[in-house]
Amino acid sequence: GAVVSQHPSRVICKSGTSVKIECRSLDFQATTMFWYRQFPKKSLMLMATSNEGSKATYEQGVEKDKFLINHASLTLSTLTVTSAHPEDSSFYICSATPGRGNTGELFFGEGSRLTVL
Amino acid sequence: AQSVTQPDIHITVSEGASLELRCNYSYGATPYLFWYVQSPGQGLQLLLKYFSGDTLVQGIKGFEAEFKRSQSSFNLRKPSVHWSDAAEYFCAVAFTGGGNKLTFGTGTQLKVEL
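For the protein sequence lines, the chains are D and F, in the order given.
When we follow my numbering, the leftmost residue of the first sequence carries the number 1, and every step to the right adds one.
When we follow my numbering, the leftmost residue of the second sequence carries the number 1001, and every step to the right adds one.
What the hints contain is simulated information worked out from the structure, not anything from laboratory work.
Don't take every hint at face value.
Capping the alpha-carbon separation at 20 Å, the derived lysine to aspartate or glutamate pairs in EDC-like fashion look like this [to be verified]:
(1) D:K55 with D:D65
(2) F:K1101 with D:E59
(3) F:K1111 with D:E52
(4) D:K41 with F:E1015
(5) F:K1111 with F:E1088
(6) F:K1061 with F:E1113
(7) F:K1111 with F:D1054
(8) D:K64 with D:E87
(9) F:K1101 with F:E1020
(10) F:K1068 with F:E1020
(11) F:K1101 with D:E87
(12) D:K42 with F:D1008
(13) F:K1101 with D:E52
(14) D:K55 with D:E110
(15) D:K64 with D:E52
(16) D:K55 with D:E22
(17) D:K42 with F:E1088
(18) D:K14 with D:E59
(19) D:K20 with D:E110
(20) F:K1061 with F:D1085
(21) D:K14 with D:D88
(22) F:K1101 with F:D1054
(23) F:K1068 with F:D1085
(24) F:K1049 with F:E1015
(25) D:K41 with F:E1088
(26) D:K41 with F:D1085
(27) F:K1061 with F:E1088
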């Protein structure tokens, strides 16, 4: 199946710094990518939908100035956690799809664990 | 509001025993239905999905799920569980017109006793 890769898989940073997480589709072009956040022992919460070449669409309650999403190419979307604080510590997972509105062809990355000290 | 419910937070079964994980959804029409598995610290792997047609769908690793419209359910089953099946299982739905946006259930943690 198609492969989606995230980097880094683990990152530890100091409070107040910014952290960038990359999500790459390795063998297909992803017009749409999704960013999820997963709290310990909790389900995945959709944060935003990232469309190549346009602004991301954020879910209600997600601070777009806090979680900057850029989808500059068909194989790369980035999530930048700005001025990170300990409460931003979480497991962030991206998913990618090769088509718009093509429900079902959704592939997930391995996840990135962010720890803010 | 649209929602997905997995009533069982934890389930423990003996290796070789059968398994059923429950999933219910609340939606006015038939959604697209998925089951994913997540190993500790890992991403999600798709086990199976239902869009239309035969209500009994076969997936990878010997899993199957049955869509029951009357019960708004999409329960996951496996006839004989292996120790390697221990993981977190998520039911997810995509609602009509929502594209590929998935709404996840809260997950069921499966423990397998040897």
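Going down the list of hints, with the structure as the test:
1. D:K55 with D:D65: holds (12 Å)
2. F:K1101 with D:E59: Cα-Cα ~11 Å, so holds.
3. F:K1111 with D:E52: Outside the cut-off at roughly 40 Å; violated.
4. D:K41 with F:E1015: Given pair D:K41, F:E1015 is violated - Cα atoms ~24 Å apart, limit 20 Å.
5. F:K1111 with F:E1088: Between F:K1111 and F:E1088 the Cα gap is close to 9 Å, so the pair holds against 20 Å.
6. F:K1061 with F:E1113: Holds - the C-alpha atoms of F:E1113 and F:K1061 are around 18 Å apart, at most 20 Å.
7. F:K1111 with F:D1054: violated (30 Å)
8. D:K64 with D:E87: holds (16 Å)
9. F:K1101 with F:E1020: violated (26 Å)
10. F:K1068 with F:E1020: With a Cα-Cα distance of about 14 Å, the restraint between F:K1068 and F:E1020 holds, given a limit of 20 Å.
11. F:K1101 with D:E87: Violated: F:K1101 and D:E87 sit about 25 Å apart, past 20 Å.
12. D:K42 with F:D1008: Holds, at roughly 13 Å.
13. F:K1101 with D:E52: holds (16 Å)
14. D:K55 with D:E110: Not satisfied, since the Cα-Cα distance of roughly 24 Å exceeds 20 Å.
15. D:K64 with D:E52: Holds, because 17 Å separates the two Cα atoms, which is no more than 20 Å.
16. D:K55 with D:E22: holds (17 Å)
17. D:K42 with F:E1088: Holds, at about 10 Å.
18. D:K14 with D:E59: Since the Cα atoms of D:K14 and D:E59 sit roughly 26 Å apart, the hinted pair is violated (cutoff 20 Å).
19. D:K20 with D:E110: holds (16 Å)
20. F:K1061 with F:D1085: holds (9 Å)
21. D:K14 with D:D88: holds (11 Å)
22. F:K1101 with F:D1054: Violated, because 23 Å separates the two Cα atoms, which is more than 20 Å.
23. F:K1068 with F:D1085: Answer violated: F:K1068 to F:D1085 is near 24 Å, above 20 Å.
24. F:K1049 with F:E1015: Not satisfied, since the Cα-Cα distance of roughly 25 Å exceeds 20 Å.
25. D:K41 with F:E1088: holds (9 Å)
26. D:K41 with F:D1085: holds (18 Å)
27. F:K1061 with F:E1088: holds (15 Å)
Hint compliance for this structure: hints 3, 4, 7, 9, 11, 14, 18, 22, 23, 24 are broken, all remaining hints hold.
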